[in-house]
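Engineer: The chain contents come next:
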Amino acid sequence: GAVVSQHPSWVICKSGTSVKIECRSLDFQATTMFWYRQFPKQSLMLMATSNEGSKATYEQGVEKDKFLINHASLTLSTLTVTSAHPEDSSFYICSARDPQHNINYEQYFGPGTRLTVT
Amino acid sequence: TQLLEQSPQFLSIQEGENLTVYCNSSSVFSSLQWYRQEPGEGPVLLVTVVTGGEVKKLKRLTFQFGDARKDSSLHITAAQPGDTGLYLCAGAPSGYSTLTFGKGTMLLVSP
Numbered sequence: 001g002a003v004v005s006q007h008p009s010w011v012i013c014k015s016g017t018s019v020k021i022e023c024r025s026l027d028f029q030a031t032t033m034f035w036y037r038q039f040p041k042q043s044l045m046l047m048a049t050s051n052e053g054s055k056a057t058y059e060q061g062v063e064k065d066k067f068l069i070n071h072a073s074l075t076l077s078t079l080t081v082t083s084a085h086p087e088d089s090s091f092y093i094c095s096a097r098d099p100q101h102n103i104n105y106e107q108y109f110g111p112g113t114r115l116t117v118t
Numbered sequence: 001t002q003l004l005e006q007s008p009q010f011l012s013i014q015e016g017e018n019l020t021v022y023c024n025s026s027s028v029f030s031s032l033q034w035y036r037q038e039p040g041e042g043p044v045l046l047v048t049v050v051t052g053g054e055v056k057k058l059k060r061l062t063f064q065f066g067d068a069r070k071d072s073s074l075h076i077t078a079a080q081p082g083d084t085g086l087y088l089c090a091g092a093p094s095g096y097s098t099l100t101f102g103k104g105t106m107l108l109v110s111p
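Quick note, the sequences are listed as chains A and B, same order. Following the working numbering, the numbering of the first sequence begins with 1 at its first residue and continues without gaps. Following the working numbering, the numbering of the second sequence begins with 1 at its first residue and continues without gaps.
To be clear, the hints were calculated from the coordinates, so they are not data collected in a lab. The structure presented is a predicted model; accordingly, all values stated were derived computationally and were not measured. A hint or two may mislead.
[Unchecked claim] Pairwise CB distance ranges (calculated):
hint : chain 1 : residue 1 : chain 2 : residue 2 : range
1    : B       : H75       : A       : C13       : 22 to 32 angstroms
2    : B       : T62       : A       : S5        : 23 to 33 angstroms
3    : A       : F39       : B       : P81       : 23 to 33 angstroms
Backbone N, C-alpha and C define an ideal beta-carbon position, used for all residues, glycine too.
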């Protein structure tokens, strides 16, 4: 149980275009999902917390207008990188909490999306 | 300021060796979790420790939560190449519901 998928697994786009990444909880309903960014050989950096049916909560320093997050259903959250630039190239990972296994705030991670902006 | 300090940051060992990874904080955590991340993949939850002094075993991996719930350790016995990966500790400080992650320990086990 507690499987999270991401799509696409990798994407290459041109500078100035927008890219949408999907995060799905496959076998549970996730009221809360998280989006992380990870640079090579570094830990996870939380970008935002996504709550179903409400606006995402962004971490300090993360541009809301650049990283648009939508959590329209209990199984789907999307991250759209708008007007992407080469410095946005990174590994983006989503995670979700399973309400049935959430006593200690455990998160279940997707496999990640490698974004390369040329 | 890093809330969770992990050490060492990088560890390269030979197959069969033992190792310990540490996760320390000055804050009290209601629980701590350990994740392993392989290159190009998302982190996978290994274990959650909740009670101060708790010891959990997962095959060759032994996890311990400090008595004061401010630190944790991961010990691997007879490491194998399949143990290679980034080990992350994470936890929600008391009163918070968002996980904070350590910087991770990159483990490389050579045959």
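Engineer: Which of the listed hints are not met by the structure?
Structural biologist: 1
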